[in-house]
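S.K.: Hints in hand, dock the two standalone chains.
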Amino acid sequence: MEILLDALAEVFAPTTAAFAIAAIGLNFHFGLTGLLNMGVAGFMLVGMYGYAITTQNGAPIWLAIIVACAAAATFAVILGWPTLKLRGDYLAIATIAAAELVRYLGRSQSLQPLTGGSTGIRGNEFKFTFEALSPFPNENITILFWTYHGTLSSSWWLRVVAWLLVALFAFTFWQLARSPWGRVLKGIREDEDAVRSLGKNVYSYKMQALVIGGVICAFGGVVWALGNSVQPDSMGRPTTFWIWTLLLLGGAATVFGPILGSILFWVSLVVVRQVASSVIPDTWLSPIELEPFSLVLVGITLMCLVIFRPQGVLGNKRELALNG
Amino acid sequence: MADNPFASVPHEPGAPKPDAIVKADHVHRHFGGLTAVDVEHFEVQRHAITALIGPNGAGKSTFFNLLTGFDKPQTGEWQFNGHSLVGTSPAKVARAGKVRTFQLTKALNRMTVIENMRLGAADQGGENFFKALVPPTWRTREKDITVRAEALLKRFKLWEKRDDYAGSLSGGQRKLLEMARALMSEPEMIMLDEPMAGVNPALTESLLDHIVELKNEGVTVLFVEHDMHMVRRISDWVVVMAEGRIIAEGPPDTVMSNPAVQDAYLGAHHDTDLSEIDATEEGK
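Residue numbers (the working numbering), protein chains in the order written: chain A, 185 to 508; chain B, 4 to 287.
The following block holds chain B by itself, in its conformation from the complex (with noise of 0.2 Å):
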C-alpha cells in the first residue's frame, strides 16, 4: 500500500472506493417527520481509516447503528464484505468482524478489566451452558484468550489496572478498554464512536497512536468524531454528513475547504456582517 489508494477517487459525496469493505446504498431512517439519516451511497475504503464527520444533529451516530444493527432503517441495504448485513442483529453484526464502541462509553465497570477484555472474545465454547459446567471444555481457550487479553492491556497501558474493578478507572481509561476489548476478537474493521469525548489531552495522544497502530496491522477504521485536529492527524479520508446527508467527502486537508462543509459546520453567512443582512430583509 505505497501507492496513496485513494489517489483516483473523487473528491464528491457518495464517491466509490477501489477496495470497499463497506457500502451503503439508499439508506433511510426517519424518526416521525424529521429525517435522521438520508445516504444515497457510501462507501469505505478497506485497511484506512475513514472519518465521519459533522455538525451536532447530523445523524453520524444514528449512522452508526444502523452499520451495526443497533437501529432499523425504514429503507435502504448495505453491505460489509460483500455479505448484505440488512436486518442483522447487533450480535451477528459484532461476529462478521465488525465491532463498534459508543460515544457513552459502555466499559463495564462491576467487573475488573481482565474480565472485561476476556467477555470481548470470540469462540468461546465455555459461553454455551452446557460446556460452561464442564471446565475441562474451556480452560484452554481461556488461557489464550488471558494471554491475548494481557498483551492487549500492556499496549493500551492498563496492565496495572489488570484486577481493578473498570468503575475505578478514569473517563479517558475506560475508552482505552472499551477500544482494547473491541480488539478481543481481532475484528477486521473497527467503528469507533467519538473516542476522543471526554478525554484528558494527555490522553488523547496516545489514543490517536492506538488507532494509526490498529491501521498499520491492517483493521480498518471508521470513527465518528468532532475535533477537526484530530481528523486532519489521523484520517486517510474524510466524510461529512449535514442534516442526515452526506454533503462532501475527501482527504482531510482539502475537505475543509469546501463550501459546502464550512456551509454545514458554520452557516452560509457565517462571515456576513449581521446588519446587512436586516437591511436587505427591511429591504425586500
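Extracted from the complex, chain A is given alone in its bound form (with noise of 0.2 Å):
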C-alpha cells in the first residue's frame, strides 16, 4: 500500500511535471523538427541561473522569468547560429559540449558569487517571491493520502502550478503542432531540401524551433529548482539522457507522450527502488547500492520499449520511427 502510494505520489511530482515540461521543449526540437538537441540539461540550467541570480538581486517574479526565457533563448540563438547550417550532428555535438560548458561555469570558483559555485543557490535565497504568491495556508496540508506544505518548497501549490504549466506548454504543442508553422517543421524532420525547394527558409524555422523548446526546457529547469534548489550537478549529462528517454517512452512528436513518459519514468523508478529495497536483502545490495540498481533496472526495460516499441507508448509508427 504504501508503495502504491509513493509511486502515486510520483504521478503529480513537481519533479515529474518538471520533466515533462523540458520533455516538451525537447518534442518541438526532435519530435517536429528532428533537431538532435543534447544539452537540455544546459537549457534547464541556464533558465533555472537566470531566475534564481535575478531574484536574489531583488527583482520581482515577472521579470526573473522573463531573465530566465531571454537567457535560455540567447543560449539557442548562439548554439545554433553556427551549427543549424551544418548537418544535425553538429548541433549534437555542440549542445552537448555547451550544455557541460554551463555546468562547469556554475560551479567555477570565479563566478561563486554569482552562482554559488559548485554548492549552488540554496532555495531560500530564490524561492521567496514565488511562495509570497501562494494562495494556501502556510502549513501542511492533506489531500486525500499525501500530506506536502502548502506553500513552501515542494508544496502543493507548486504542484499547481507546476501542472498548469504542462497543461499550458502541452496545447501550445498540440496549437503549433497542427499549424502551417507546424507543418513547415514537420517537413524539415524529413528532408530539408525539399522545403527549401518550396520557397521556406529552413534556417529560420530551425532557429524558431530551436529557441521556442529552448525557453520551455528553461521552464522545466526553473519548476525543478523551485521544488529543489540550483544545483549545477543535479543538471549533467544523466538529465538530458533521462529527458529524452522519457520523451521517447511516451512518443515523440505526440502531444502527451512526454508527459506520460515523465510520469512513467518517475514512477517506475520509485516502484523499482521500492520493491527492490523491500525484496533484496542487505547483504546483497547495501541501500546505498539501490539506487543505481534500480535506475539500471529501468534502463533495461526502457531498452526494451525502444527495441520492441520505437515509436513509445502512444507514438504514430509512420509518423515517426527511431530508425530511418
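It is worth saying that the hints were derived from the structure and are not from the lab.
Pairs of lysine to aspartate or glutamate, EDC-like flavour, derived with a Cα cap of 20 Å:
#, chain 1, residue 1, chain 2, residue 2
1, A, 501, B, 166
2, B, 218, B, 22
3, B, 157, B, 216
4, B, 95, A, 377
5, A, 501, B, 167
Per the computed footprint, the stretches of chain B lying under chain A, defined by three or more beta-carbons under 8 Å from a beta-carbon of chain A, are:
#, stretch
6, 102-110
7, 118-127
8, 134-146
Each residue gets a CB set at the ideal place from its N, CA and C atoms; glycine is no exception.
M.R.: So, in C-alpha cells, the structure goes:
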C-alpha cells in the first residue's frame, strides 16, 4: 500500500512536471523538427540560473521569468547560429558540449559570488517571490492520502503551478504542431532540401524551433529548481539522457507523450527502488547500491521498449520511428 | 503563340531567344580540378518546354543546382525575369517563381499526400510562428490552399491517395506528387530534374501529358532527361551539354543529327572498326 501511494505521489510530483515540461521543449526540437539537442540540461540550468540570480538581486518574479526565458533564447541562438546550417550531428555535438560548459561555468570558483559555485544557490535565497504568491495556507495540508506543505518548497502550490504549466505548454505544442508552422517543421524533419525547394527559409525555422523549445526547457529548469535548489551537478548529462528517454518512452512528436513518459519514468523508478529494497536482502545489495541498481533496471526496461516499440507508447509508427 | 517562337533562333550553342525568362552568363563551377559546368551563355524561352540533355557527367544536374541556388558557382551571373539571382538562397529562388523538383524524388514520406501539397503553397500566413498560435488568422487561407491542392490531386490522378502517407505511393506516383506540389505556389517556371527516371511506362505517358498541359497553362518548363524519345515527344527546344559545356542547341528533330551531339553521346569513332584504329595506332 505504501509503495502504491509513493508511486502515485510521483504522478503529480513537481519533479515529474519539470521533466515533462523539459520533454515538451525537447519535443519541439526533436519530435517536430528533428533537431538533435543533446544539451537539454544546459537549457534547464541556464533557465534556473537566470531565474534564481535575478531574484537574488531583488527583482520581482515576472522579471526573473523574463530573464530566464531571455537567457535560454540567447543560449539557443548562440548554439544554433553556427550549427544549424550544418548537418544535424553538429548541433548534437555543440549542445552536449555547451551544456557541460554551462555546468562547469556555474560551479567554477571565479563565478562563486553569482552562482554559488559547486554548492549552487540554496532554495531560501530565490524561492520567496514564488512562495509569496501562494494562495494556500502556510502549513502542512493533507489532500486524500498525501501530506505536503501548502506553500514552501515542494508544495501543493508548486504542484498546481507546475501542472498548469505542463497543460499550457502541451496546449501550445498541440496548437503549433497542427498549424502551417508545424507543417513546415515536419517537412524539415524529413528533408530540408525539399522544403527549401518549396520556398521556405529552413534555417530560420530551425532557429525558431530551437529557441521556443529551449525556452520551454528553461521553464522545466525553473520548476525543478523551485522544488529543489539550483545545483549545477544535478543538471549534468544524465538529466539530458533521462529527458530523451522519457520523451521516446512516451512517444516523440505526440502531445501527451512527454507527459506520459515523465510519469511512467518516475513512477517506475520509485516502484523498482521500493520493491528492490523490500525484496533484496541487505547482504546482497546495500541501500547505497539500490539507487544505481534501480536505474539499471529502468534502463533495461527502456531498452526493451525502444527495441520492441520504437515509436513509444503513444507514437505513430508511420509518422515517426527511431530508425530511418 | 501561333507562330513558332523558335523560327528565327539560330541552331547554335548559347543562341539568344526572342523572349528569354532565364539568362545565364559565364557560369563556371569546378570541384577541385574537375570542371563540372562551364557555360558561356544560356537562355530559356518563356512559355516553352526546353529539354536539357547530355551524357552522364555532362553537368546537367550541377547546372540545375546552380540555377536554383542549391549550389554556388565560382564565377558567373544569371537572371530570372530580369532579376539577378546570383547568391540567392534556394528558398528565395522558389519564391521568385522558379520551382524545381529532384532527380531522387523528395516526396515527404512521413506526411500525408494532402499535407505534402499544402506545404507547397505560398503566402500561408500561418507559417509565421505568432500567427500559427492564432488559428483564425490562417484558417481561411488554409481552405483556399486545400481547394487548390485537391484540384491538383484530381488532375494528377492522386485523389484516392489524398490521406495516405506519401511513403505508401509508388515511385511514379511520388514523381507526380512532387510535380503537383511544385505547382501549388503557381510558379512561372518549373524545373524538372529527370522527371521520367524510375517511372513505369504506363505512367510515363500521363507524366508527359501533364508536362505539355503545364506549357498550355503558360508555365515555362525546363527539364533534364536521358530518354531521347521523351525529349522528342514533348520539347520545343533542346539544349545539349557535354563535359560542362553547351555543345549544341536546336529543335528536337534536328539536334540529334548534329555531329557534335553524336560525338558526345557515342564517341567520335562510334562507327569505326576497332581493328582499324589499332592498325593506325601501330602504324604511327
